[in-house]
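Asks: Fit chain B to the given chain A structure using the hints.
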Amino acid sequence: MSYTKLTRDQIAERVAQDIPDGAYVNLGIGLPTKISNYLPADKDVFLHSENGLLAFGPKPAPGEEDPELINAGKEYVTMLTGGCFFHHGDSFAMMRGGHLDIAVLGAFQIAENGDLANWHTGAPDAIPAVGGAMDLAVGTKKVFITTDHVTKKGEPKIVAELSYPATGLKCVDRIYTDLCVIDVTAEGMKVIEKVDGLSFEELQSLTGAKLIDATQG
Amino acid sequence: MIDKSSASLKDVLSQIKDGSTIMIGGFGTAGQPAELIDGLIELGIKDLVIVNNNAGNGDYGLAKLLKAGAVRKIICSFPRQSDSYIFDELYRAGKIELELVPQGNLACRIQAAGMGLGPIYTPTGFGTLLAEGKPTLNYEGKDFVLENPIKADFALIKAYKGDRWGNLVYRKSARNFGPIMAMAADVTIAQVAEVVELGELDPEHIITPGIFVQHVVSVAAKQPEQSA
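Protein chains in written order, with my numbering: chain A, 1 to 217; chain B, 218 to 445.
So that you can see chain B by itself, here it is in the shape it has in the complex:
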């Protein structure tokens, strides 16, 4: 019998090694798997490459992981926010590497990895600083930039409900990067508010099929303090 659900967050996270590339779901704090991130901090895993839309908010989740000095490099679209002071300080001190990626290119580079594609041509960023040095192509009169897929060793995502086969449904705008990150990592770990019986999720409504998910961990998630 296959049971991907686990009661122990620590057991699941302990397979993550120093130096791993980890995708972390979320847009700001919405959909951020804060309890999984807290688990990473407790295990003291270091030298990580993190893929996320942002670079942490306040002292919550990802920001805390940065503060712990666990992150060598971050790949993201929007690091600078009103409450990104932990990242700002590390960046200005030269203590973290930043790869800035337009948000849609971040999404499609992640999707390319998940779909088994090689580098992809995208119109976004053509002629800008973020395309400097990258090959280009004019196709049917339009200019494109060649971008590499982004693949990860692990994806840590937050879903709403999951079952023991790894099928997931999400909640509102907490879905964001979760489904595409689940496809682009060797091992996807989803934290959910509730693990439900097989069959309870309507097959018509499952957003992430269990084939993309290796572990489902039920956590009593605390809600983030929202800030603008």
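So that you can see chain A by itself, here it is in the shape it has in the complex:
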């Protein structure tokens, strides 16, 4: 059997289905940002940005850009009606204080126990930068990860133990890859969905951690 990997947009669309009406959500830089394109208009989803925005909206029309209205990725955004501004202390109270419902982040590696690495490769010449990743990892009610299932070199990104420096310990709740959706639970990593044509055995062979088949049918 052959299978087709999900595109980045398809992963974003899949995550959007799991974001409920009324959720307060922080979308990380990169693929997670794309999720906002797939949130249905009939849902009120409040997007939070580290730099003091709640309920921000899409990018402005050309010519309407305001250098003082940017998101954490330093992209121009707009505000939705009812949105608001606040300072960094309040912003991180929302993040660390358990007020945000969902954070969607990228990853270098996710370990079987839910440890996350996404801030630093540990390479000696790398300039480290952490931003708000560690705060989101420990403070958000649910941490979702979007990632390719394996690296460009074909190595598993879902591993038994991290080899990259950790961002947070036992913090990941759900992983969306281009091959499957995995719930990280106390019993282990449960595969709840996978792409058509991909056998569980093949998926396991592309994964460094032990998987549990929890797909239906």
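Treat the hints as calculated values from the structure; they're not laboratory data. Some hints here could point you the wrong way.
Cut-off 30 Å, straight-line C-alpha distance, at most; resulting in silico cross-link-like pairs (DSSO-like, lysine-lysine) [stated by the list, open to error]: (1) LYS359/B with LYS389/B; (2) LYS359/B with LYS142/A; (3) LYS389/B with LYS141/A; (4) LYS351/B with LYS290/B; (5) LYS351/B with LYS170/A; (6) LYS170/A with LYS190/A; (7) LYS59/A with LYS5/A; (8) LYS210/A with LYS152/A; (9) LYS190/A with LYS5/A; (10) LYS284/B with LYS234/B; (11) LYS389/B with LYS59/A; (12) LYS351/B with LYS142/A; (13) LYS142/A with LYS190/A; (14) LYS170/A with LYS34/A; (15) LYS389/B with LYS227/B; (16) LYS152/A with LYS190/A; (17) LYS43/A with LYS190/A; (18) LYS359/B with LYS234/B; (19) LYS210/A with LYS5/A; (20) LYS141/A with LYS359/B; (21) LYS170/A with LYS141/A; (22) LYS284/B with LYS43/A; (23) LYS152/A with LYS5/A; (24) LYS170/A with LYS359/B; (25) LYS227/B with LYS263/B; (26) LYS141/A with LYS281/B; (27) LYS210/A with LYS359/B; (28) LYS389/B with LYS142/A; (29) LYS34/A with LYS141/A; (30) LYS389/B with LYS34/A; (31) LYS351/B with LYS59/A; (32) LYS190/A with LYS359/B.
If you anchor each label on the Cβ, the simulated ranges turn out as follows [as the list claims (entries may be wrong)]: (33) THR81/A with GLY350/B: 19 to 29 Å; (34) ASP18/A with ASP419/B: 35 to 45 Å; (35) GLU421/B with GLY83/A: 13 to 23 Å; (36) GLY122/A with GLU316/B: 14 to 24 Å.
Backbone N, C-alpha and C define an ideal beta-carbon position, used for all residues, glycine too.
Replies: Frame of chain A; chain B shown alone:
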């Protein structure tokens, strides 16, 4: 009569001495007090410890201060950006010291200083490289790391409007670190687009009460070139 407003940026900045610790507001270029920073460069102040979220963008503001060789150490959360080439070069050459702090810990360490607290326990960073060697505590089943307050001699921030008592309002996402840095420095200098008459700012809308602000300088701010 108390009048914290000043027409001369140079007069206000001239109290800053070599070796000072200075908080600089802003997230990227939004909220960065670029005109105050340019003033620092003109005065040739050296050997500074800078607290900011980033480590400069392009050749704008903070990046220019780094390029001038005025900064000994930077405390920040996100130095590496697509346009942080000035910092990158200094760091790789070993010409600047970096203390990397998770962004929320940066905020709450600044707040701790502003509130008169000592070291604080935070869950962020527990079990990571950034908590190595720091005391920890398990409280109600959750792990915490002890982090010290960050206090500064000066805070340079950008607000939108201010009055002669130092009350400030901000504009959009340029607010970011401004209000908490104003509380954590011995002397806070705010650059504003406009100094307004006392009473013009609605008391319900004042974000930074004047008690936290020592100087308000009106500048005709140029808008930064935004880059991703």
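Asks: Need the status of pair LYS210/A, LYS5/A: alpha-carbon distance at most 30 Å?
Replies: 21 Å, holds
Asks: Has the given pair, LYS190/A with LYS5/A, been kept, meaning a C-alpha gap of at most 30 Å?
Replies: Holds: LYS190/A and LYS5/A sit about 19 Å apart, inside 30 Å.
Asks: Taking 30 Å as the top limit, are the C-alpha atoms of LYS389/B and LYS141/A close enough?
Replies: 27 Å, holds
Asks: Tell me if the straight-line CA distance from LYS34/A to LYS141/A falls inside 30 Å.
Replies: 21 Å, holds
Asks: Holds or violated: LYS170/A and LYS190/A, Cα atoms, limit 30 Å.
Replies: 15 Å, holds
Asks: If you draw a straight line from the CA of LYS142/A to the CA of LYS190/A, is it 30 Å or shorter?
Replies: The hint holds at about 16 Å.
Asks: Does the structure keep LYS152/A and LYS5/A at a Cα separation of 30 Å or less?
Replies: With a Cα-Cα distance of about 14 Å, the restraint between LYS152/A and LYS5/A holds, given a limit of 30 Å.
Asks: CA of LYS351/B to CA of LYS170/A, is that 30 Å or under?
Replies: 20 Å, holds
Asks: With the threshold set at 30 Å, check whether the alpha-carbon distance from LYS351/B to LYS290/B stays at or below it.
Replies: Judged against 30 Å, a Cα distance of about 20 Å means the pair holds.
Asks: With a cut-off of 30 Å on the C-alpha distance, tell me whether LYS389/B and LYS59/A pass.
Replies: It holds: about 15 Å lies between the C-alpha atoms, which stays within 30 Å.
Asks: Does the alpha-carbon distance linking LYS389/B and LYS227/B stay inside the 30 Å limit?
Replies: Given pair LYS389/B, LYS227/B holds - Cα atoms ~27 Å apart, limit 30 Å.
Asks: Please verify whether LYS141/A and LYS359/B have alpha carbons no more than 30 Å apart.
Replies: Holds, because 14 Å separates the two Cα atoms, which is no more than 30 Å.
In summary, the numbered hints that this structure violates are 1, 18, 22, 26, 31 and 33.
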